[in-house]
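Here's the letter readout for the chains.
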Amino acid sequence: MIGVVALFEVRDALLDAIAAARAQQLTIVTAFSPAYDPRIEAAVGVPRSAVSAWTFAGGVAGAIGGMAFTIWTVRQWPILILGGKPLVALPSFLIVAFESTILIAVCAALAGFFAGGRAMRRVARAAYEPSLSEERFGLLVACVSADAPLIGELMTRSGATAWRVVRS
Amino acid sequence: MIFVLAPPDGRDWVALTSLPLPVALRRVTRDVLATLEWHTPGWLAYWGAVGLCFFLWSLALLVWAYQIYSGLHITGLLHPVMWGAYITTFVFWIGIAHSGTLISAILFLFRARWRTSIARAAETMTIVAIATAGLFPILHLGRAWRFYWLIPYPNERGLWVNFSSPLIWDAVAVGTYFVASVLFWFLGLIPDFASVRDHTAGWRGWIFGRLAVGWRGSAHEWRHFRSAYAVLAGLITALVISVHSIVSWDFAVAIVPGWHSTIFAPYFVAGAVFSGLAMILTLVVPGRVLLGIREYVTDDHLEQVAKLIVAVSLIVTYSYASELFFAWYRGEPAERSQFLFRAAGAYAPLVWLAIVCNSIVPLAFLRRAARRSPAVLFAISIAINIGMWTERFVIVVASLAHEYDSYSWGRYWPTAFEWTVLLGSVGWFLFWFLLIIGHIPSVPMAETKEHLITPASAEAADS
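These protein sequence lines map, in sequence, to chains G and X. Residue 554 is where the first sequence starts when you use the working numbering, and the numbers rise one by one after that. Residue 87 is where the second sequence starts when you use the working numbering, and the numbers rise one by one after that.
Since no wrong hints were added, every one of them can be taken at face value.
Stretch by stretch, here's where chain X covers chain G in the computed footprint (C-beta under 8 Å, at least three residues):
{"no.": "1", "segment": "590-597"}
{"no.": "2", "segment": "641-652"}
For lysine to aspartate or glutamate, the following DMTMM-like pairs were computed, each having C-alpha atoms within a straight-line distance of at most 25 Å:
{"no.": "3", "chain 1": "G", "residue 1": "Lys638", "chain 2": "X", "residue 2": "Glu242"}
{"no.": "4", "chain 1": "X", "residue 1": "Lys393", "chain 2": "X", "residue 2": "Glu381"}
{"no.": "5", "chain 1": "G", "residue 1": "Lys638", "chain 2": "X", "residue 2": "Asp256"}
Cβ pair distances, simulated, as ranges:
{"no.": "6", "chain 1": "G", "residue 1": "Gly618", "chain 2": "X", "residue 2": "Phe196", "range": "29 to 39 Å"}
{"no.": "7", "chain 1": "X", "residue 1": "Ala120", "chain 2": "G", "residue 2": "Gln629", "range": "53 to 63 Å"}
{"no.": "8", "chain 1": "X", "residue 1": "Ile341", "chain 2": "G", "residue 2": "Gly637", "range": "14 to 24 Å"}
{"no.": "9", "chain 1": "G", "residue 1": "Arg628", "chain 2": "X", "residue 2": "Ala407", "range": "37 to 47 Å"}
Since the hints were derived computationally from the structure, they do not count as laboratory data. Glycine included, every Cβ here is placed at the ideal spot set by N, Cα and C.
With the hints as constraints, model all of the structure from the sequences given.
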């Protein structure tokens with residue numbers, strides 16, 4: 554991919570640049586910021602995260618797995634003398650299943666986070682620079698080589714303090 | 087004071103916002119990274135404290151070695167009291183672990199911005215407190231090398247895993263809480279690790295680069311990050327309530343007078359949050375001076391913690407009153423006898439000490455001056471820590487010492503060995519807390535910057 558990455562000192566300039574790029578029907582790859590910002594997220598049009606789905610799947614797996622684990626484990630001793638109490642005691646097994654639901658859901662949420670951001674981390678690597686984690690904002694726009702100067706100029710007009718061509 | 091971060095009354099940032107945004111953001115990075123460079127005024131005191139804590143837990147380690155060599159008879163444990171200082175201290179540290187989650191997860195869900203400054207310390211405290219608590223069931227075992235028998239899984243040792251036992255619930259719940267807390271802590275640190283990676287060189291840059299797991303701060307990554315953080319906060323909120331409820335059921339499902347009560351779960355959860363909040367003050371009041379982050383952890387933030395302490399103290403006091411009321415109203419002789427024993431028996435001084443420390447002393451925070459005085463905050467937090475340990479001691483020990491039949495009543499007092507181990511656990515906790523908090527960004531940089539970029543007023547307008 555060939556693109557132009559532009560750097561901004563303030564968030565509002567970045568938002569202006571995103572609007573300008575949209576007006577020119579350019580392909581916005583992503584934006585960079587040192588902190589979470591819902592306005593940038595909305596302007597870029599980031600798709601919905603799949604983390605919730607991962608978490609739900611993990612939770613279901615944890616609940617089923619926790620219940621299955623407890624039942625299967627106690628049934629390894631089927632002739633145990635329990636004084637009339639049930640070998641498979643569902644109310645108490647629910648406690649273990651609840652904990653395993655949370656445990657697997659938490660692990661799945663983290664896995665979803667890593668999996669969801671993996672592709673973008675690779676793309677963003679070429680455009681990244683250390684000041685983006687400190688105080689600057691960035692915008693990565695895809696383009697063909699010949700358009701790069703024009704896009705750079707557009708970014709400068711929107712308030713970018715610097716821009717460069719990136720290849721990834 | 088240069089920085090006045092996130093005033094809790096909803097006003098916008100005051101002094102920092104007077105700086106141009108790029109300058110303010112750079113200051114945040116520079117100030118937090120400075121805590122890793124050991125140029126802070128308190129570095130000598132910091133390493134002195136780390137050394138002292140190392141000494142304390144080394145002593146406890148020697149005692150433990152002696153206990154393994156000679157057996158549990160060096161403790162004061164004797165029929166009828168077979169749960170003593172070790173189990174008391176286990177419950178105490180599990181309780182301490184709760185406020186990290188309260189401040190990080192619950193206050194995050196409620197959009198309480200003041201949590202930012204102390205969230206990192208609170209989360210770190212949680213992890214270290216669980217790790218400390220986890221030692222005590224092993225210490226209590228005697229034959230510590232068989233600790234893995236506690237872990238419930240099918241095995242070839244002829245051990246039937248009794249999932250109806252609260253002790254098994256404990257192992258599952260505490261294990262889950264530890265893993266979830268570590269993952270939540272790590273997730274929140276990823277953007278800050280990236281910041282350290284980008285602005286330091288050498289071995290530190292290399293290590294933090296690995297820990298940052300390729301974070302670039304793109305809008306897409308932030309989206310996934312935010313979703314994961316919110317989901318984890320919600321899950322951990324449910325988890326934290328379940329964990330201390332389960333710890334309370336260690337007692338409540340037994341038919342011991344003083345334990346067998348339906349109020350135990352909420353009572354223990356409230357007590358856990360209470361002691362955890364106090365420990366936050368104990369750590370943060372001197373810690374912000376040692377690490378040179380006083381401008382970030384302001385008196386306003388500490389005042390918010392103090393207000394929470396008053397609220398939770400009232401809940402704890404209500405729980406004490408409910409216990410007493412039920413003991414009288416139920417009309418069960420052994421239960422009444424237990425509470426009379428607590429009020430006037432051998433452990434009465436401890437009972438009254440707990441009531442003074444947990445119900446009366448925190449009321450000082452009703453005065454604004456007390457809430458804003460670091461010395462008073464620190465002193466009261468220590469009193470609450472002592473009061474909460476004492477309360478757990480009374481619950482665990484006094485109940486066992488005075489059950490149904492008078493012929494089996496007895497007394498238990500910890501021996502010098504147990505006191506040493508208790509002191510050592512404090513050293514162990516502080517040692518790891520100080521080491522960790524001193525080597526990671528002690529203030530959440532990305533979240534602090536988020537509040538600078540989007541002030542409270544703008545966020546309110548957006549919503």
